[in-house]
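J.: Now for the letters of each chain:
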Amino acid sequence: MTKVLAFAETRAGELRKVALETVTAARTLADKNGGEVHALIMGASGIASKAPQLGQHGADVVLVVEHPALANHSAEVAAATVAGRAREGGYTALVFSASAQGKDLAPRVAAKLGVPMAADVFSFELTSSGIVAKHPGYASKVVQTLTLTAQPAILSLRPGAFPPVANGKAGRVEAVAPAMDPATARVVVKEIVQGRTGKPDLGEAPVIVSGGRGLKAAENFRLVEELAEAFGNAAVGCTRAVADDGWRPQSDQIGQTGRTVSPALYVAVGISGAIQHLAGMRTAKTIVAINRDKEAPIFKIADYGIVGDALEIVPALTAAVREAKKGH
Amino acid sequence: MKIAVCIKRVPDMESRFRISADGKVVEEAGLKFDMSDFDGYAVEVALQITEKLGQGEVVVVSLGPDAVQEALRKALSMGAARAIHLKADRAPVDGFAVARALAAELKSGGYDLIMFGKHAMDTMSGVVGPMTAELLGLPNVSAVSKLDVVQGRATARRELEGAAEIVEFPLPAVVSIDEGIARPRYPSLKGIMAAKKKPLESKPAQLEAPRLEVTKTELPPDRQGGRIIGEGAAAVPELVRLLQTEAKVL
Ligand SMILES: Cc1cc2nc3c(=O)[nH]c(=O)nc-3n(C[C@H](O)[C@H](O)[C@H](O)COP(=O)(O)OP(=O)(O)OC[C@H]3O[C@@H](n4cnc5c(N)ncnc54)[C@H](O)[C@@H]3O)c2cc1C
Ligand SMILES: Nc1ncnc2c1ncn2[C@@H]1O[C@H](COP(=O)(O)O)[C@@H](O)[C@H]1O
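Line by line, the protein sequences give chains A and B.
Read in order, the letters of the first sequence correspond to residues 4 to 331 in the working numbering.
Read in order, the letters of the second sequence correspond to residues 770 to 1019 in the working numbering.
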């Protein structure tokens, strides 16, 4: 039987959307091959209240690791606990999210178990030669198909690539003790610095409005933010040029050395379309470009382009989007 | 303070990539190569730490064919003290095999800090650093965008989605370096001359048979872009119409 273990990520006591994505992906694999899904969730006392949601998304068994000292995620405790469970469990695959937390956790678990892993996977299946997974390579300019022959196969899944599906079953809950005392963890989280709260994350937003140096000044990002607000579910991104100038935080940078995103809609405002920027957004479903220079490389990959001054076009677009949204 | 920085030599990502005849790998003939972006940041951070402390040694390590010595020489010309080349025909895509070989080399080196890039630009995986940390039994902090080292302890800022974590940890430790921390310096002429005389030790990498292999490499289909729908604010209504009726995203 195919047994799949999904790590269900939380932050500040709340399930993250990617937790439901990993459970959903695990369910899909288990269903195709006749199997069972176990989801593992960790947190401070009370985290067990999130178990039903994991059941609804496909976990047959929810392994709950509760400890008063686990209010903040501890990669050391998580790695030891997941690896400990995996050693007992006979799992075909362990799935994590390729989120900040999962990217850090999955390779540690893999090393503890002495097996390789595939990172940032956007599709995978079980074949007679093992788990076969697709992931981007070479600054997202190629797609590579990887075959993992060791067991368990360890995967981190690209956020957004496996939309959560609820099927309405409740999972059986099983308590699991942390494999080490959280007080002995060597890396200690001193503080969590919140970014702009209430705004969708770049990795999760279906729409991204992104600005470049063509906006001329930091203040003009207000126009980009207003357009994002008009869409309602949009995040704001930027180019490296803009982050370097201190107009926007580095964490908003999209590209080869920034975030990689694939939203349904990407609006590039005053962005030239340097290859390093395209590396982070070329897989967006629809790309709109607004640029004064009709020769700007961004137009070569844009589905829809408008040539002209962003400072004039963006406010007009914001008004039109607001109007269109009202019509719904 | 003894710091090791693991660097990988990768193709210039501005290249037009071609796929090998067997459809498995990127054709390397004719490509330009350089140190992977994040690894350059890691070298810079290591140099800044030893400069600030006024003491210490930066050792750079790379696993791959003889050509990786170019990347090692570049790091030496930036200011690293010596280099170790772990020789292999090709750096395997199996990051665990790479981590095992690096850990075997680093284990007895007495390093206070071992640094990696957030990910290599070719594999885009970001697994080798945390795996090496586990194999060495050391604390690991990944996606570090700020790092301070004071008397055997370090404080780092780690980027999360929509937030950041400030973490503290004891040395020795392993860190992986993210964007935003420091741009690599350009080697000076003096640095380049000095690098020629710095020690570069080459020895076989202890590689096991890989258990992760690339069975296919493809170029994604080209985007059908290039449609300019108009000029100035006058084109906005047409854009909104297309977003509603054609792209169906509004
Ligand atoms: C190793 C390396 C890694 C890199 N990583 C990244 C990365 O991760 N992300 C990234 O973005 N970049 C990255 N870069 C930088 C990249 O090469 C470009 O320099 C950068 O993306 C350019 O940003 P930009 O488009 O904002 O600025 P510019 O290239 O200066 O373009 C500004 C654009 O605005 C247009 N414009 C000007 N005025 C107006 C107006 N009034 N209205 C409308 N349009 C106007 C111009 O026509 C121009 O096309 C990297 C570079 C290197 C070397
Ligand atoms: N062949 C190699 N030689 C030396 N360091 C490497 C090698 N491969 C990967 N690394 C290091 O590990 C980091 C992460 O690589 P990866 O897990 O492949 O994304 C890189 O940024 C380098 O610091």
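These are computed hints drawn from the structure, not numbers from a lab.
The structure presented is a predicted model; accordingly, all values stated were derived computationally and were not measured.
We treat Cβ as the ideally placed atom computed from N, Cα and C, and that holds for glycine.
Hints are supplied without guarantee of correctness; some may be wrong.
[To be verified] Examples of chain A residues toward chain B, derived with CB under 10 Å:
{"hint": "1", "residue": "G16"}
{"hint": "2", "residue": "H70"}
{"hint": "3", "residue": "A109"}
{"hint": "4", "residue": "A142"}
{"hint": "5", "residue": "I316"}
J.: Look at each hint and say if it fits the structure.
T.: Hint-by-hint comparison with the structure:
no., hint, result
1, G16, "violated, 14 Å"
2, H70, "violated, 19 Å"
3, A109, "holds, 8 Å"
4, A142, "holds, 4 Å"
5, I316, "holds, 5 Å"
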